[in-house]
Amino acid sequence: NAGVMQNPRHLVRRRGQEARLRCSPMKGHSHVYWYRQLPEEGLKFMVYLQKENIIDESGMPKERFSAEFPKEGPSILRIQQVVRGDSAAYFCASSRSTTEVGEQFFGPGTRLTVL
Amino acid sequence: KQEVTQIPAALSVPEGENLVLNCSFTDSAIYNLQWFRQDPGKGLTSLLLIQSSQREQTSGRLNASLDKSSGRSTLYIAASQPGDSATYLCAVKGISSGSARQLTFGSGTQLTVLP
Numbered sequence: 552n553a554g555v556m557q558n559p560r561h562l563v564r565r566r567g568q569e570a571r572l573r574c575s576p577m578k579g580h581s582h583v584y585w586y587r588q589l590p591e592e593g594l595k596f597m598v599y600l601q602k603e604n605i606i607d608e609s610g611m612p613k614e615r616f617s618a619e620f621p622k623e624g625p626s627i628l629r630i631q632q633v634v635r636g637d638s639a640a641y642f643c644a645s646s647r648s649t650t651e652v653g654e655q656f657f658g659p660g661t662r663l664t665v666l
Numbered sequence: 706k707q708e709v710t711q712i713p714a715a716l717s718v719p720e721g722e723n724l725v726l727n728c729s730f731t732d733s734a735i736y737n738l739q740w741f742r743q744d745p746g747k748g749l750t751s752l753l754l755i756q757s758s759q760r761e762q763t764s765g766r767l768n769a770s771l772d773k774s775s776g777r778s779t780l781y782i783a784a785s786q787p788g789d790s791a792t793y794l795c796a797v798k799g800i801s802s803g804s805a806r807q808l809t810f811g812s813g814t815q816l817t818v819l820p
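Residue numbers (my numbering), protein chains in the order written: chain A, 552 to 666; chain B, 706 to 820.
Hints may be right or wrong, so weigh each one.
Here are some, though not all, of the chain A residues that point toward chain B, as calculated from beta-carbon distances under 10 Å [what the hints assert, rightly or not]:
| no. | residue |
| --- | --- |
| 1 | Pro590 |
| 2 | Glu592 |
| 3 | Tyr599 |
| 4 | Glu603 |
| 5 | Phe616 |
| 6 | Ser617 |
| 7 | Phe642 |
| 8 | Ala644 |
| 9 | Phe657 |
| 10 | Pro659 |
| 11 | Arg662 |
| 12 | Leu666 |
Restraint-style ranges between C-beta atoms, simulated for each label pair [what the hints assert, rightly or not]:
| no. | chain 1 | residue 1 | chain 2 | residue 2 | range |
| --- | --- | --- | --- | --- | --- |
| 13 | A | Ser638 | B | Ala714 | 18 to 24 Å |
| 14 | B | Ser801 | A | Leu666 | 46 to 52 Å |
| 15 | A | Val634 | B | Arg760 | 43 to 49 Å |
| 16 | B | Glu761 | A | Arg560 | 32 to 38 Å |
| 17 | B | Ile800 | A | Lys622 | 47 to 53 Å |
| 18 | B | Ser774 | A | Lys622 | 40 to 46 Å |
| 19 | A | Ser581 | B | Leu724 | 26 to 32 Å |
| 20 | A | Glu592 | B | Gln756 | 25 to 31 Å |
| 21 | B | Lys747 | A | Arg571 | 18 to 24 Å |
| 22 | A | Arg566 | B | Gln786 | 41 to 47 Å |
| 23 | A | Glu569 | B | Gly746 | 23 to 29 Å |
| 24 | A | Glu592 | B | Leu819 | 25 to 31 Å |
| 25 | A | Gln568 | B | Tyr781 | 42 to 48 Å |
| 26 | A | Arg571 | B | Asp772 | 40 to 46 Å |
Simulated from the structure, these hints should not be mistaken for laboratory data.
The C-beta atom is built at its ideal place from N, Cα and C for all residues, glycine as well.
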């Protein structure tokens, strides 16, 4: 029973390029959450998605960032025209439950470095 | 807006000591509180989850308590070992509108257990 999978684990981009981060939730989980951990800071919520729907994107930067969770395939966090300040660890979590008490399980993260 | 604070930011103890990590949160309207462990460059491992109706949870040498009314939680680690060295994160899932799905994290306590 594989856990939450994220790839790539490490990603290096030059300023202005695009970054695509992938997250495959645990089997049977249809709720996906993305969090960002900036250097020396705590994890901050970015976006919550269900299949084909963005439910809460209150933590997403207004520009350059987008997320999707298609009917088939992994959830994608896309960062266009990356800047050095985007360098961070990006974590994905998934949950099974539709109730608020459901536990979130985290993936290993993708560490993005922008040169 | 929910804020989560963890004290101390860093802690160093000799092997075998019992220790307590503290977590406080500003909004007591929560569904649950979760303690995680994060090793350097790695993802998050869930240690204990306490539902709002519970007072404590235990797993092996770990015991977490929750006092929702005062907005506090403690993580007690008995007979610490060098392998316990990691950053410990506290996170709450709030009830308030807009935060029902996301976790709000503290900045963590970096624990070092000296052999």
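Hints and how they fare:
Interface hint at A:Pro590: violated, since its Cβ lies 12 Å from the closest Cβ of chain B, which is beyond the 10 Å cut-off. Given hint, A:Glu592 at the interface with chain B, holds; its Cβ is 7 Å from that chain's nearest Cβ, closer than 10 Å. For the restraint placing A:Tyr599 at the interface with chain B, the shortest Cβ-Cβ distance is roughly 5 Å, inside the 10 Å limit, so the hint holds. Interface restraint check for A:Glu603: the shortest CB-CB distance to chain B comes to about 17 Å, outside 10 Å, so the restraint is violated.
At a threshold of 10 Å, the smallest CB-CB gap from A:Phe616 to chain B is about 16 Å, leaving the interface hint violated. For the restraint placing A:Ser617 at the interface with chain B, the shortest Cβ-Cβ distance is roughly 18 Å, beyond the 10 Å limit, so the hint is violated. Of the supplied interface hints, the one on A:Phe642 holds, with its beta-carbon coming within about 7 Å of a beta-carbon of chain B, less than 10 Å. Interface restraint check: A:Ala644 against chain B, minimum CB-CB distance 8 Å, threshold 10 Å, status holds.
For A:Phe657, the interface hint holds, since its Cβ comes within 10 Å of a Cβ in chain B; the closest pair sits about 4 Å apart. A distance limit of 10 Å between C-beta atoms decides the matter here; for A:Pro659 the minimum to chain B is near 4 Å, and the interface restraint holds. For A:Arg662, the interface hint holds, since its Cβ comes within 10 Å of a Cβ in chain B; the closest pair sits about 7 Å apart. Taken as an interface hint, A:Leu666 does not check out: its beta carbon lies about 19 Å from the nearest beta carbon of chain B, beyond 10 Å.
At roughly 22 Å, the beta carbons of A:Ser638 and B:Ala714 sit within the given window of 18 to 24 Å. Distance hint for B:Ser801 and A:Leu666: a CB-CB separation of about 40 Å, inconsistent with the stated range 46 to 52 Å. Between A:Val634 and B:Arg760 the CB atoms are about 46 Å apart, so this pair conforms to the stated range of 43 to 49 Å. About 35 Å separates the C-beta atoms of B:Glu761 and A:Arg560, a value consistent with the hinted range of 32 to 38 Å.
Between B:Ile800 and A:Lys622 the beta carbons are some 30 Å apart, a value that contradicts the proposed interval 47 to 53 Å. The supplied range of 40 to 46 Å is met by B:Ser774 and A:Lys622, whose beta-carbon atoms lie about 44 Å from each other. The hint said 26 to 32 Å for the Cβ distance between A:Ser581 and B:Leu724, and at roughly 39 Å that hint is violated. Our hint of 25 to 31 Å for A:Glu592 and B:Gln756 holds, since their Cβ atoms are close to 28 Å apart.
In this structure, B:Lys747 and A:Arg571 meet the distance hint of 18 to 24 Å, their C-beta atoms being roughly 22 Å apart. For the hinted restraint 41 to 47 Å between A:Arg566 and B:Gln786, the CB-CB distance of approximately 44 Å keeps it satisfied. Taken as a hint, the range 23 to 29 Å holds for the pair A:Glu569 and B:Gly746, whose Cβ atoms sit roughly 24 Å apart. Checked against the hint of 25 to 31 Å, the C-beta distance between A:Glu592 and B:Leu819 comes to roughly 27 Å, which is consistent with it.
A hinted range of 42 to 48 Å for the beta carbons of A:Gln568 and B:Tyr781 is consistent with their spacing of about 46 Å. Judged by the Cβ atoms, the range 40 to 46 Å given for A:Arg571 and B:Asp772 holds: they are separated by roughly 43 Å.
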